[in-house]
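Chain order of the listed sequences is V and F. First residue of the first sequence? That's 1 in our numbering, and the numbers climb one at a time after it. First residue of the second sequence? That's 90 in our numbering, and the numbers climb one at a time after it.
Check before you lean on any hint, since a few could be wrong.
Unchecked claim - Dumping the calculated DSSO-like pairs for lysine-lysine here, alpha-carbon to alpha-carbon at most 30 Å: (1) K513(F) x K36(V); (2) K266(F) x K40(V); (3) K232(F) x K176(F); (4) K234(F) x K40(V).
What the hints assert, rightly or not - Some chain F residues judged to face chain V by a derived CB distance under 10 Å, without partners named: (5) K166; (6) V228; (7) N231; (8) Q233; (9) S303; (10) T310; (11) L322.
Read the hints as simulated data drawn from the structure, not as lab findings. Just so you know, even glycine gets a beta-carbon here, dropped at the ideal spot from N, CA and C.
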Amino acid sequence: MSLNESDTLISLGSLNKNQTAVIDCVDTGIYGEVLKNRLKAMGFVKGNTVRVLRRFWWGSPLQVQVGKTTVIAIRQAEANLIMVRLLCI
Amino acid sequence: MQTCHSPLTIVTGNARKRIALIGQPNTGKSTFFNRLTGINAHVGNWPGITVDLLQAEIVFNGETVEIVDLPGIYDLKGFSEDESVVKDFLSNFAIDLVLVVINASQVDRQLNLVLELKALGLPSMVILNMADEAKRYGVEINKQKLEQELGIPVFLISAKYGKGWEGVLTAMGKAIKEQENSFTVNNLNDYFVNNPITDSQRQQILTDTVIMPSEDVKTFTDSLDNVLLHPWLGIPIFFASMLGIFFLIWYLGLPSQDVMDIVTTWVGEQIIEPVIYPLPEMVQSFVLNGLWLGVATVASFVPLIVIFFFVMAAVEDSGYLSRSAYLMDAFMAKMGLDGRAFVMQMMGFGCNVPALMGTRIIRSRPMRLLSMLIIPFALCSARLAVFVFIIGAIFPANLGPIVLFSLYILSFVASFAVAFVFSKTQQFQSTEPFVIELPPYRLPTFKQVLLRGWGEVKEFLRRATNFIIVGCVAVWFLTYFPENATGLDTWGGQIGVFLSPIMQPIGINPYLTLSLIFGFIAKEIVVGSFATIYGMGASALSAQFALTINPSSAIAFCVFCLLYTPCLTTVATVKAESKSWGFTLLSLIFSLVYAWIVTYIFYHGALLLGFQ
């Protein structure tokens, strides 16, 4: 791929609309295994791409595309737990 | 790979072979189940299993086989309630074959479940459902290669449109015939601790067999989301579509109820009356005004509920229901709830009971209890029938839909006001994560909606029929005795009079109080009880109401009926789901006090505004 991954880790929650990034890790913090399993099953695994499709009022929840065929809704607080690297074109 | 005891136990003597359906939510598992079982599905009785599981018996080559639809799970070794249910089921009830239903376009992230079943060694078949959608996305799956690497038969199908269906049926028949052993699975988590499924394992299979699209595909869903999830257009469209559903029920469901009334009245007069004519007067009255009235009340509900659940099923299948969770989340978060609680609140408009059960999708107990506390304030279809009758009798026709819609708004406001206040308390505060899937928009097929709707109606009839008939018989007892007494002289009437110091200040007369007492049993019998209490038929009753009840009293009655103690079935469900008598009592007592206070405000407000 001709795209480069940025070196800095940022959270999914800090992406702007239409920005694409590559998932690095998920830190589920206080939510523990349940959320970790859920996020994994939804496609939040290292190396998968994410793109913010839109944000609702006051920025939350976010509509996020995970991989090419999954779309989810996630709140700002939970999106902040997912660390990604921005894709620079 | 490390070695460890397989958690599989061979069990002989599964008298009737059993096939279990497993899959993630949103994979079309229910659609697959419906196509497989048609109208034969029913809720099964599984000792120790805490949720309702749909099952059906179907015949393969002359052999009757049991099909069980297990709850949607993300992971076999997961910790959610549904995941525990699946684990409990697998360890207590022997399985002959497992069908894993996968959304083909999301095979990359759903393969884990397949690998887990393969590792356990359960006889399985992989159903890659929604093959048509996968094709549209450009997902290419090498079926033969996948079968080879998994060592499990794989089928690419569309359960909704029936593509590839014959192949699955044939293979299922063959597999079940050849399968001699039944299996249970114990200590599943321990096994996976010792034999984890690695990401590289999964990745290897995917690289060999699946090509995911490399470019973003611009889909119809994206374009539609641009409008329906638009920050400013989204909410008005959502409320407009809700209003549309109410009007549909108003103009389609209610007239159909009248037709049913005509039928049951005719049967009562022309068939039952002549047959029971020779019997004593008291028995005649019991059969006609007790039993038959109950049956007629149930019957009159069927068309309304059919229409409601058809619409509900269509909204759910289309993918709009989960969008509404997205749209409402920002708002719900302020009340300590999330979008899922909103969806359940909406479900409560059909019937509080399934909505209460549906709160299981909320993982945090405080939030779930909060959601369960406010669902009984949702204007369910049973209460709808009461309101329709009262509104129809008291208000002019052009005001009817507006008054009804206001009651829906009140239902929302009253529920969320409670949520807002209670979410500030420690018992109901939660830190529940919010992550839900937004499936692509799909056209619901007529057959699927019909099957879903039919299933719901069957459930309603199963749950409600006895209740309603018993309720109507109870009404008959309280209003027939002492013999030859009428109206307020009957036992029931005396209870109404006794309570009047409490009910008079909120504009509810003893007759209406009496009907509310019966509403404890089920809201369905409130209208039926009017007929017995006043001793009149439906049309005479309407005229009587118009003469004796003023609009402010009518409003008071509706508001009280909306908020006070829900039906016994709901109370039983609250108890069953919360597993706490304390919470159930809180819910009961709180709703009575709340109803009285809100009704007082509305009654006196209406009087001040001059609605005499």
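* Interface restraint verdict for L322(F) against chain V (beta-carbon cut-off 10 Å) -> violated (12 Å)
* To do: Let me know if the C-beta of K166(F) comes in closer than 10 Å to any C-beta of chain V, holds or violated.
  => holds (8 Å)
* Asked: Per the CB criterion, is N231(F) less than 10 Å away from chain V?
  -> violated (17 Å)
* Interface hint status, V228(F) versus chain V (Cβ within 10 Å) -> Status holds, d = 7 Å.
* **Given hint K176(F) paired with K232(F) - CA-CA distance at most 30 Å** => holds (29 Å)
* For the hint on S303(F), does the least C-beta distance to chain V fall short of 10 Å? -> holds (8 Å)
* Straight-line alpha-carbon gap K234(F) to K40(V), limit 30 Å -> Roughly 25 Å between the alpha carbons, so the hint for K234(F) and K40(V) holds.
* Is K266(F) close enough to K40(V), meaning Cα to Cα at most 30 Å? -> violated (36 Å)
* Does K36(V) lie within 30 Å of K513(F) when you go C-alpha to C-alpha? -> OK: K513(F) and K36(V) at ~27 Å, within 30 Å.
* Asked: Does the nearest C-beta of chain V fall within a distance shorter than 10 Å of the C-beta of T310(F)?
  -> Hint holds; T310(F) Cβ to chain V Cβ min 8 Å, cut 10 Å.
* Asked: Taking 10 Å as the limit, does the beta-carbon of Q233(F) come near enough to a beta-carbon in chain V?
  -> With Cβ-Cβ at 22 Å, over 10 Å, it is violated.
Hint compliance for this structure: hints 2, 7, 8, 11 are not met, and every other hint is.
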